[in-house]
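Here the structure of chain A is known, so what remains is to put chains B and C in place on it, guided by the hints.
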Amino acid sequence: MKMSKRILILVIAVVAVFSFGVSAQAEVYKIGLSLAITGPTSDAGAPYAKGVEDYFRYVNDNKLLGNDTIEPMIRDDQYKTDITKRNFEEFLDEGMEFYLNYSTGSTLALKRDFDEEKIPVVPASMDAGNLIDSTYIFLPTTSYSDQTLGVAEYVVRNHKGGVPKVAMFIHPSAFGRAPVEDVKKAVEAGLKMEIVEVVEHGTDLDNTAMLQRLMSKGVQYVLCQTVQSPVATLVKDAERLGLIASRFGEEKKLTFLGAHYTGGNDLILLAGSAAEGFYWATSFNLTSEPGEGTTFVLDLAKKYGRDDQTANSHNYTAGTTVAQIATEVIKRAKAKKKEITRDNLYAEITAMNGANALNAKTTVGPITYSKTDRKGVDLLQIYSVQKGVFKAVGKPFEPGAAFKTKK
Amino acid sequence: MSYFLQLVVSGIVVGSIYALSGLGFVLIYKSSRVLNIAHGQIIATGAFITYALTVWVGIPLYISFFVSMVLTFFLAMSVERIFLRRLIGEPIISVIMVTIGLMSILDGIIYLTPFGGYNYSFPDFFPKTPINMGPVSISWTQMVGVIVTFTLIFLFTWFFKKSTVGISMRAVSDDQLASMSIGISVPHVFGLAWAMAGLSAAAAGGIIGNITGLNFETLHAFGIIVFPVVILGGLDSIIGAVVAGIIMGLIQQFASGYLDGKWGLSGTAEVLPYIILLIILLFKPHGLFGTHEIERV
Amino acid sequence: MSANRWLATGNFFSSYKEEQRIFFTHLDRLLFCVLLAVLFIWPLVYEVSNKYMLVLDNILIAMVAIIGLNLVTGFAGLISIGHAAFVGVGAYTLAVFARTIGDSHVLITHAWPLMLIVSGAVGAVFGAFVGLPALRLKHLYLAIATLSFQMIFQWTINFFPLFNQGQTIPVGRVYWFTGMVSRGDHYLFWYYVALVIVIVFGLAVRNLLRTRYGRSLVAVRDNDRAADAMGMNPGLTKVYAFALAGFFAGVAGALHAYLYRGAGIESFTLAQSISYLAMAIVGGLGTLTGSFFGPAAIRMLDLQVENMVEWMKQFLPAAMNLATAFKPLTFGLVIVLFLMFEPRGIANWWRICRTYVKLWPFRY
Chain A
84 MKMSKRILIL VIAVVAVFSF GVSAQAEVYK IGLSLAITGP TSDAGAPYAK GVEDYFRYVN
144 DNKLLGNDTI EPMIRDDQYK TDITKRNFEE FLDEGMEFYL NYSTGSTLAL KRDFDEEKIP
204 VVPASMDAGN LIDSTYIFLP TTSYSDQTLG VAEYVVRNHK GGVPKVAMFI HPSAFGRAPV
264 EDVKKAVEAG LKMEIVEVVE HGTDLDNTAM LQRLMSKGVQ YVLCQTVQSP VATLVKDAER
324 LGLIASRFGE EKKLTFLGAH YTGGNDLILL AGSAAEGFYW ATSFNLTSEP GEGTTFVLDL
384 AKKYGRDDQT ANSHNYTAGT TVAQIATEVI KRAKAKKKEI TRDNLYAEIT AMNGANALNA
444 KTTVGPITYS KTDRKGVDLL QIYSVQKGVF KAVGKPFEPG AAFKTKK
Chain B
2 MSYFLQLVVS GIVVGSIYAL SGLGFVLIYK SSRVLNIAHG QIIATGAFIT YALTVWVGIP
62 LYISFFVSMV LTFFLAMSVE RIFLRRLIGE PIISVIMVTI GLMSILDGII YLTPFGGYNY
122 SFPDFFPKTP INMGPVSISW TQMVGVIVTF TLIFLFTWFF KKSTVGISMR AVSDDQLASM
182 SIGISVPHVF GLAWAMAGLS AAAAGGIIGN ITGLNFETLH AFGIIVFPVV ILGGLDSIIG
242 AVVAGIIMGL IQQFASGYLD GKWGLSGTAE VLPYIILLII LLFKPHGLFG THEIERV
Chain C
764 MSANRWLATG NFFSSYKEEQ RIFFTHLDRL LFCVLLAVLF IWPLVYEVSN KYMLVLDNIL
824 IAMVAIIGLN LVTGFAGLIS IGHAAFVGVG AYTLAVFART IGDSHVLITH AWPLMLIVSG
884 AVGAVFGAFV GLPALRLKHL YLAIATLSFQ MIFQWTINFF PLFNQGQTIP VGRVYWFTGM
944 VSRGDHYLFW YYVALVIVIV FGLAVRNLLR TRYGRSLVAV RDNDRAADAM GMNPGLTKVY
1004 AFALAGFFAG VAGALHAYLY RGAGIESFTL AQSISYLAMA IVGGLGTLTG SFFGPAAIRM
1064 LDLQVENMVE WMKQFLPAAM NLATAFKPLT FGLVIVLFLM FEPRGIANWW RICRTYVKLW
1124 PFRY
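Protein chains in written order, with my numbering: chain A, 84 to 490; chain B, 2 to 298; chain C, 764 to 1127.
Next comes chain A alone, as it looks inside the complex (with noise of 0.2 Å):
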């Protein structure tokens, strides 16, 4: 009994000892990211730290800001609002002059922290409320309303015949109800379409009453805004059924269309052949459609020694999106011979349109924002999979360009 005392007292010291030996050396510029790389959204959360990581070591060895360095200062919240808010602490404590943020949650929650330390943030929420009440948050893409509303649009542009019934599976938190009020309010502006059910799912293990119930009311897409797993197991179901469209729109069947964070090689991982026919919109670049922006990631991810996963990961990509606009404004900051403060930043960022948008190679549109517009990317692509592989559709588009009336 004294020895295995001995033995807690022993560790205890050594733990408490190593918590002194820490300092981190100071670089110059400190950019601060507190996100769930273990607990919930992980699956998510672990390749957007990789991105962003290994973007800023790009910028620090290939000297893009001259002598100067960038410092990432990457912390784990677990997707708790409370440690996010003492990282936020911590980061501002160290020096930093602009914050990339993760869950909806938190940031919400800080937008009043971000407003009086007047520091500019990009978080990887895409939610449109982060926008309301706040003039230092900067989404990188539209919004998840956005989105939902870019599929919504296409359903009925390419809808045939009288008008879609469409049902709405969503992520049972404040996550997944936002974008359903702004596709409620596009129908009342004149989006044909009719909303026959709003299904918020729990942890169901089997979906066959409720598809059955959805095609009884004759609904034709459903539209999902909520995460992987659930939709994975949705159209694992429907493909049992026998209810998955094989062309879009087929009468009698069931057409799956998805927001940001439904899509991305971990549905096809999830859901194996149901996924095929899945509609995705997103404004980041896919790997499996080849191009400048997605050569550029693949080499990265190999360069830094990140698995295949990480490296074809959406999330991935949505890390060195952040980070390059970051990067980005503080490289304008410097030519302009101003001096790194939030101030600047603020005003370099806002700055941010026209002939000084940023093409970022990893998105399907510029990156443009200004004091009114808070959205990066204001281009949508829509993605579908065909043999396994999400595959471009159609030619990026604005969302929402024929209803902006209530916005």
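Be aware that a few hints might be false.
Below, simulated DSS-like cross-link-like pairs (lysine-lysine); rule was C-alpha separation at most 30 Å, straight line [stated by the list, open to error]:
1) A:K386 - A:K474
2) A:K414 - C:K1076
3) A:K201 - C:K814
4) A:K146 - A:K385
Hint data in this document are derived by calculation from the structure and do not stem from the laboratory.
Just chains B and C, lined up with the frame of chain A:
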């Protein structure tokens, strides 16, 4: 009408998976009076081991299913040996807290492996076509799940009723001192109970993994849903776990089938098990089949 | 021979009143006052970064909640796995006020002590309600009933738009006699408020345990049938215990909402309940000093693990996932190790140290 039948069949299918998850829980409580809060993590471990054996080592699914059951058997037994052996005789709060600590430890270990962060899905093993029984349809995986559940339950019930080891386990759960005086090794019985719980947990994990894909967060939730099921059935009754599992599955399906959407309700299937749990606790705390504890002064 | 009131030796009692003193020696009392003075003065002397101030505030708020949890689980023996729900009730009371009357309304910003008490009262009502099953259930079943309350609470918050469906409801900054508490002073201000509340509650509970009610709590825990036979009402005692725990937790919740300037569901989940239980146990169940050590130990452990992870990242940069898996691992390991080797918690170590110091140079 066919909608109702579909709900019933889905309920039975989902319920038997709940029953299988609850089975291990009941086994542990029955012999050692320990509430195993870490059961969800053991289910997840079983699922991951099955996946690793199937995909990384290359064994066909039905063999790796059994191998993973054996491996989890030993894993659970060693867990009991290392952590819980010291706590025989301590107050119940300590034992519950140790299982909670165990839950965190297993969490951490799973995050150390790639399973914690990434999603995986089993390769297709069964034919994709559904089994149609009239207006109702279920998938092959679900059918296999039901069959495995009932087989295991049948085996366990036979084991407890007829085999010597099983009877000695029942003796230990009844009165530890008396069974020690007969010569039954109580620590061995505890280890065996945990090992058998690990076995059924691996089976449950394998089936759940096939249906929902391997996402650690989803598997987490099963550790919590198991509570209403076993309380409803009675903490120390195997038959209770089965019956309660199926009832819970049915109630969830009916709730999401009929209640969701009306009066603005949604997600009722999530909360209904806990409301039922509360009601059962207030009126019949020992559940449908549990043994009634009578306190004597 | 006159009693020596300064040291432990030569200190004998000559009346019952003397035996009931909290501080047996003047030295004890002096040391306690010095400790209090240090706690109040050190932030003015030694500058601490915002992050550590936030952590300290968090620890103090957790202490308030754990005092309540210790009361119900340690002294009354009623296992409660739903304590975060009580804390959440307090926080959401404040948040509902903020949502309905505006988050910078006078009541919230100027009359915040009143709001703290109101949140505590609502927490007490909720606690009494949750304690009602205690009239019929024992031990394990009561624990599971509290678990189900926790899950129902979570679902309710996620469902009703009144609670913003789980998203953060913002709360404004408060005013003190010198004007609005600005961002720079925010953490320091709430440190003092939380410290005062911890001290007041700590003294209150210490006195409570010396009264008839405190003794009946312990009697009910040890053998409630015998307590019933002796004329106490075990059912009512248990409900009161829950109500008290609910009050403390409600105040802690309101403090939490003020400190983070908002209330969101993620701070009051099952994982948080488990964390509170861990704090109570590691600190020492059934002791008042345990409620102070437990939260400090667990939160500091969290921080140290983060520091260790940062340090490890310098050697294993590509292994971020590996490093951050250490948090739940160490949390679980600490709980299990404490329960296996020191089930009476850190308070036991403290007791041993204190007796050693008190009796020195004697051995016993």
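Each hint, compared with the structure:
Of the supplied pair hints, the one linking K386 of chain A and K474 of chain A holds, its CA atoms being roughly 26 Å apart against a limit of 30 Å. A hinted pair counts as satisfied when its Cα atoms are at most 30 Å apart, and K414 of chain A with K1076 of chain C qualifies at roughly 27 Å. The hinted pair formed by K201 of chain A and K814 of chain C meets the criterion: a straight-line CA distance of about 18 Å does not exceed 30 Å. With a C-alpha separation of about 19 Å, the suggested pair K146 of chain A and K385 of chain A falls inside the 30 Å cut-off, and the hint holds.
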